[in-house]
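Colleague: Going down the list, the sequences are from chains A and B. Numbered by the numbering used here, the letters in the first sequence go through residues -9 to 493 in order. Numbered by the numbering used here, the letters in the second sequence go through residues 157 to 421 in order.
Each hint should be verified, as a subset may be incorrect.
[Unchecked claim] Coverage of chain B stretches by chain A, computed from C-beta distances (three or more under 8 Å per stretch; other residues unrestricted):
id: 1; segment: 184 to 191
id: 2; segment: 247 to 259
id: 3; segment: 289 to 297
id: 4; segment: 313 to 327
id: 5; segment: 342 to 349
id: 6; segment: 376 to 388
Don't read these hints as lab results, they were simulated from the structure. Cβ coordinates follow ideal geometry from the N, Cα and C atoms, glycine included.
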Amino acid sequence: MRNTFVPRRFRQVIDHEKCQRCKRCVMGCGFGALEFQGRVVPSAKNECVACHYCVNVCPEEAITVVENPLKYRWHEVWQPDIIMQATRQAETGGVLLSGMGNDRPWGVIWDHLCLDACQVTNPSIDPLREPMELRTFLGRKPESVEVEHGPNGEIRARTPIPPQLVLETPVIFAPMSFGSISLNAQKALAMAAKDLGIYWSTGEGGLHKDLYPYADRAIVQCASGRFGVHEEYLRAGAAVEIKIGQGAKPGIGGHLPGRKVTTAIAETRGIPEGTEALSPAPHHDIYSIEDLRQLIWALKEATEFRVPVSVKIAAVHNVAAIASGIVRAGADIIYIDGFRGGTGAAPTMIRNHLGIPIEVAIAAVDTRLRKEGIRNQCSIIAAGSIRNSADLAKAIALGADACAIATAALIALGCHLCQQCHTGNCSWGITTQRPELTRRLDPAWGAERVANLIHAWTEELKEILGALGVNAIESLRGSRDRLRAVFLDEKTREILDVKAAGE
Amino acid sequence: MTGIEQPSQLAAEDSEYLRIDAKGLHYRLLNERIREAIGDGRKYIEVVNVHGQRYIGDGIQAHVQIDIYGIPGNDLAIFMDGAEVVVHNNAQDAVGNTLNSGRVIVHGDAGDVIGYGMRGGKVFIRGDVGYRVGIHMKEEPRRKPVLIVGGTAADFLGEYLAGGVLIVLGLTDTARRGTVVGDYCGTGMHGGRIYLRGTVEEDHIAERFAEKYEATEEDLNAILPDLAEFCEVFGFDLDKVLAERFWVVKPSSRNPYGASYVPNP
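The shape of chain A in the complex, shown without the other chains:
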């Protein structure tokens, strides 16, 4: 008999006619949800999470995963998820923990925004045969630029240009620490970033010594836990980022459970092995914008003003005013993470209910910075469930300079969104530190798949630009007139500064 009233969510169905009893599925399941008792059977103790690893390693295609057909009586308000949550809490008294991003049906504003295209009156451009400029510079821009001619006739800037990150396509990999993901997963992203001419981010877990060769393509984070933050690390990175908040868990800290703090993670973070890695909710040296300014300039001093300093915040109610303060505090890049953003682990209620969608946050911040005449002083990176090149194009049209992606990149590494990152059992070797699981993720294989994804998005983005009749991403940036809204209320349209379709 089960010792919980929470029903199983999934069932593995094994076709025993096809099964050759090779046990790859049994050995492959990070959750121990399959057992071999003369033949492969679902485990009595551990439950299937629908990560599909077994399905994919089965050479005979003998496994299917189905939803448990066990029904609750239908109730619009008391959905099965909610009943199960209350049941688990009644049984354990614990705070619910989730992985990945917000899974509640809040709706996605991207899906209510249409991009424009040229017809007759201005010609569209064929990106397959004409040049298309996607190169993006992230960092503070001067008020104006004076140019001069060099001795060989080349044009160069006379105005000093502050340090910039140079992206060949307007995408970066969002911060995911060594700890939240495996070293192999981080290495795959680092290799892909180097190959693509974009950037990856260390997250708040420091930079493992094996990844220093990829540091010139890394944004190194300085978060409240200050894990692995030291002078060599700060100097190694292409940019330094102060992590204030994360879209999946605004306003709260984090903790990597002691069982995940392996020797390598302990070394990289500079903490004793097996102890919890606690990230305080605030930086305790930052209680105000003035204090933020203090850390921004401390980091600029530490890097001798050679790299841009980014500040990452979660999109919350007053995001525009906060962003204005951050820019005035001296940040060169502001990274805004919307409330559908992912996480290795966050309390479920926080993940699902705190913060605001990235779409409105981009628009609100961009508008505010323009109105105040300081938009040139910083670049905007937007993140929080950018799912494809269309979301990317719409984010840029709303005012983002570039987008950061995490979930999409993890999907390229095999992730099936089973949302069990917090358990540390990831069968795909991504969000786990168990060596028997992490070693199945080959960084070179992963890097190629991630690079494929970004190449594909890049081509699609060029096609979108071509259809819009522009030949540079710069021409789409903040060009909200190229967007129209369907089924969005008037106030939201006003904040987005986007007309209704047909207007």
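Using the hints, position chain B against chain A.
Modeller: Here is chain B on its own, set in the frame of chain A:
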């Protein structure tokens, strides 16, 4: 503090010595001058007329000594890696912030958040310190930060402590008026040790996370070299310091939050 020390009168022609007058100098220029001096091979740099300049010694990776006369601003020796900084006066907030290695000596009082996230090295404060001192200090097998306060500390001492040693000695007049530490000492601590000398009220220790007991001989032996060094730097009598009772605050668990969470079904 009283009796402000005067700068040394070393010969100006000593190639390893440089005096920098910080009067009216912006911190950015001051730090540039210091980095330049280190680049020129100076081993001993005196900075005089310091008046609140921030980030002195920020990220310095060199075995040099920097003596500061006047009051330095916040984030003194932040990210510092190997140098020695001596302040012949009071210091402000966030001294030794995320210090990697080296030693910071303050001959007066210091403010809040001293030694935040220290990874290694030593911070010695002669007088009293403010709130949230020594929070989230860390530790590795071959690197262990040490923070010693001669006077008293306010609330949240050693919050989130993950490693290292924090010592509060209560040698100042402030200590004689009450206890050596404020409320919530050791809250969220899950590693390291806090040593408190003198009177400590039971309810000042965050009992959910930490337990307090009287230091054993073994406990004291573990910190004796650091205590001796501290006493030598400031001219305290080690025997007198050791004559008073010491308390040790140690974490109850290395994983204080593990049991609080359950997976979302």
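Colleague: Compare the structure with each hint and give your call.
Modeller: Here is how each hint holds up against the structure:
{"no.": "1", "hint": "184 to 191", "result": "holds (count 3)"}
{"no.": "2", "hint": "247 to 259", "result": "holds (count 5)"}
{"no.": "3", "hint": "289 to 297", "result": "holds (count 5)"}
{"no.": "4", "hint": "313 to 327", "result": "holds (count 4)"}
{"no.": "5", "hint": "342 to 349", "result": "holds (count 3)"}
{"no.": "6", "hint": "376 to 388", "result": "violated (count 0)"}
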